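First to last, the sequence lines map onto chains A, B, C and D.
For the first sequence, the numbering used here begins at 1 and goes up steadily by one.
For the second sequence, the numbering used here begins at 1 and goes up steadily by one.
For the third sequence, the numbering used here begins at 1 and goes up steadily by one.
For the fourth sequence, the numbering used here begins at 1 and goes up steadily by one.
Derived by calculation from the structure, the hints in this document are not laboratory data.
Keep in mind that this is a model prediction, so the values were computed, not measured.
Be aware that one or more of the hints could be misleading.
Note that identical chains are pooled: a pair holds if it fits in a single copy or bridges any two copies.
What the hints assert, rightly or not - Okay, derived cross-link-like pairs now, SDA-like style, lysine to any residue, Cα gap no bigger than 25 Å in a straight line: (1) K233 to I98; (2) K233 to I220; (3) K255 to I126; (4) K73 to A92; (5) K10 to D226.
Protein chains: 4
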Amino acid sequence: MVEAVELKQKLFKITKDKRFEFTMMAVIVFSALVIGIHTFEIDPVLETILNYVDNLITIIFVIEITVRIMAEKKPLDFFKDGWNIFDFVIVAVSLVPIDGNYANVARLIRIFRMLRLITLLPELKIIIGALYKSASSIGYVLILMFIIFYVFAVIGTILFESAPSGLWSDVGVALLTLFRVMTFEDWTDVMYETMEIYPISWIYYLIFIFLTTFTFLNMIIGIILDTLNEEHKALEAESKDEDRILLESVLEHNKIMESKIDSLEALIRQKLT
Amino acid sequence: MVEAVELKQKLFKITKDKRFEFTMMAVIVFSALVIGIHTFEIDPVLETILNYVDNLITIIFVIEITVRIMAEKKPLDFFKDGWNIFDFVIVAVSLVPIDGNYANVARLIRIFRMLRLITLLPELKIIIGALYKSASSIGYVLILMFIIFYVFAVIGTILFESAPSGLWSDVGVALLTLFRVMTFEDWTDVMYETMEIYPISWIYYLIFIFLTTFTFLNMIIGIILDTLNEEHKALEAESKDEDRILLESVLEHNKIMESKIDSLEALIRQKLT
Amino acid sequence: MVEAVELKQKLFKITKDKRFEFTMMAVIVFSALVIGIHTFEIDPVLETILNYVDNLITIIFVIEITVRIMAEKKPLDFFKDGWNIFDFVIVAVSLVPIDGNYANVARLIRIFRMLRLITLLPELKIIIGALYKSASSIGYVLILMFIIFYVFAVIGTILFESAPSGLWSDVGVALLTLFRVMTFEDWTDVMYETMEIYPISWIYYLIFIFLTTFTFLNMIIGIILDTLNEEHKALEAESKDEDRILLESVLEHNKIMESKIDSLEALIRQKLT
Amino acid sequence: MVEAVELKQKLFKITKDKRFEFTMMAVIVFSALVIGIHTFEIDPVLETILNYVDNLITIIFVIEITVRIMAEKKPLDFFKDGWNIFDFVIVAVSLVPIDGNYANVARLIRIFRMLRLITLLPELKIIIGALYKSASSIGYVLILMFIIFYVFAVIGTILFESAPSGLWSDVGVALLTLFRVMTFEDWTDVMYETMEIYPISWIYYLIFIFLTTFTFLNMIIGIILDTLNEEHKALEAESKDEDRILLESVLEHNKIMESKIDSLEALIRQKLT
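So here's chain A without its partners, still in its complex pose (with noise of 0.2 Å):
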């Protein structure tokens, strides 16, 4: 039992050693560099080398796994944490055995590796950790943006139906019709064939790309804000604090020096009579 506490502590400091670290990320940079290798054309020879360095690749994840699992004092602590959970299924997947004939899926899974680096480096956890708390201000922006887009997209069916490019067949092409508008993507192609139906139809675009590029533009604004306002609130709360308690003090010294001169006047009139 002593023993294993002694292994479990001597992985866990392996876990947290920087030189580990550094090694994890050479090996998952190294990992997408082989799958990119393997999208040109190359030699059969190279081909099955790569495919060996990739088994080992796999291997060491696994290792590398097992380790973090067993340097955890309980093993199932380990998933407590929802990037190590990420790290467990992409291994944990990888080891699939897939099929000669579905090497494509394979490799699709395996790219997935590279994500890996964000849980290695803290830096962009943070920054994806931000990238969360703003995707996430900025729902009901979204669903006004997707009623707009609905409802435009039933109109254009509607409208356009009959265009030749088919663009407006049904609201599913017409919603992704949108989005290039929106995108400004050759848009006024679209609009030229429907003004050939409706010559007044560029009324419909210009409508459209005005609400959701205004919409568009407050919601990157409304970001700014948000993370403005938030910022500045932490910082004038704690500035706040620092002048306020020198304010209070001096208030405080107030009231003791007007308690003192009563008790000093309540003296003399005492003495003196």
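Fit chains B, C and D to the known structure of chain A by using the hints.
Just chains B, C and D now, with coordinates in the frame of chain A:
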């Protein structure tokens, strides 16, 4: 009479019930889905079913509006809120009997029911309010933008009237062409064509792009600063008050002490002389 | 003499009258509309009428300027305001008799009258002022931008001179091509062409896009921060003063009290010894 | 020796002279113009003249650098400033004799002289410094961006390898294609092609566009907030100090007064008992 009042209160409770609101939201989303399915080529049987569902949804909407009107103390109070009028018009218009030949018009009207989601989600109302506010703050910039567009459109029609693409044939078309240039949508195609008439006409486009981009950027920055300033002042005013109160209280105490010391001195002089 | 002064005062009153300003705005907008209608193919009869209207508008403008000059105490004072000179030049130029062969030039000159709306709407003057201010604050960034453009244009002409599209034939054309790339307008068409000469030339475009986008972004951020800082300092300075005055008054009172206590002590010592 | 020192001081004065700096700026701008003129098809006679001018400019640059090195107390001190090394390298490289066959290389090298404008204009140095600073603050976001690009590029090559346009043939090409999609440059052409292989592949593009646009937006917002925060803290710190000093002085005076009142009380007690 008493029963009528009781009924009103019951109805009022129902309209404020979360379950009532969720049901209505589900009906609206479902209604939007039904209209969306209509845009695909569908089986005649399904078509018939969807039409029945459509009518059912209309009936539900009518009942809902009726309940909400009756729940008010005075039915006409219902129309004092702009959003209520908005709801009422959307439901009322979809009741107008439309000939089968104008099925598209009927569908067009029905999709606007989806906008009722905005009425039901208070968060969306707030966003719409914020959009409206920042929209009104850029009114004059839009006037300036339109002046720039109009002046350039007239210049464009005078200079490039003979362009074979017909993009500059009159001031209306030219305005649309300029909007296209502003979104950078194949703007060089427009420019290369007119450069065959006037090789130096790239100056026209560069000046236009610089002017509009710069005005647009300043509009965005203006919105950011306006909103920031407003919030900042509100925050300052609030935080200032607390400090001010403390400071003024200190000053008051100081004055009290001074007068106390003065009276003490007077006392001593009086007693000891 | 007295009558002349009275006339001046009357004229001055008229020029400051809201109705006078609204009339002039209506005339300007109407004048812009007339020029706009000219760009459509119109009936010769209407054409003749519009020409009469045009002349009438010119006469109205001349009268307006004359009234405003005469309303000044010294007529030459009128030219002390830049916007007045702007008005005068626009009206004066449109008086130059232009041969029928140069009808287009006459129309070009007349559309600039629309810019007089800026002179009449004080809000637009403020916006123009703000634009001018932020434009001057980005002067050096524009110089940097131009250096980047020029260096890349020369490199482009040296490397891609032989491109069949002629987009890199000399430094002038290359500058225009780079501006096109910066607006992302079919920039891959430009790149794919030169990649046939130098397959590695995508690096040239990536570096250029990164440099210019990054410089552009920093310019925008710079404008935002500059304006924010300025307003912030103004606000701080103002709010600080009030607190400072209060604090200094507290300190002063403290010093007065100290000296009073000192003199009290001296009094007691003197009386009791 | 004394003469040498005097010469140094004279040279130092010259290098700091505004007229010297303006002359050098004019020479650099002129040098850039000469290279620009070279890109046009020009008369052989003008060509010969320009070549002489080019050599003259090189000589002027060599003299200028020599003077600036000699003006330093120790010539090697000149190389302690990074910008000086930058100047020196640019001038030195343009001295390397290049065979007539490599005239283009010579011209390429000479255009970099234009970058010396940055060394001469302190304002540009400041802007470059600010750019460098904000560039380093987005390092990790760029890593995240690259991970997203690389993962999507590998997925793209696996799924769309057979696309006839060859836009997804290997991971390098796919990265370039994704950059194109991110700039919205004819991205629907890319999408419509792969939608013929996998009709559902629009999901791939939507996710990619959302991820990169959102990350990019957050990067910009991050830069804005970083710079704002820094300036804000500097401002706060400064303004706080003044208030703090006043407040602390008030508190100190309060304490002095208290002890004075205490000693006064002690005095009275002592005298009157």
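Status of the hints after comparison with the structure:
1. With identical chains, the CA atoms of K233 and I98 are never at most 25 Å apart, being 54 Å at best within one copy and 57 Å at best between copies.
2. For the identical chains of this complex, K233 and I220 are neighbours both inside a copy (20 Å) and across copies (22 Å), given an alpha-carbon limit of 25 Å.
3. In the homo-oligomer, the alpha carbons of K255 and I126 never lie at most 25 Å apart, since the shortest distance is 49 Å inside one protomer and 48 Å across protomers.
4. With identical chains, the CA atoms of K73 and A92 are at most 25 Å apart within one copy only, with a shortest distance of 22 Å there and 64 Å across copies.
5. Taking CA atoms no more than 25 Å apart as the test, K10 paired with D226 passes in neither setting, with 45 Å inside one copy and 40 Å between copies.
In this structure, the hints that do not hold are numbers 1, 3, 5, in rising order.
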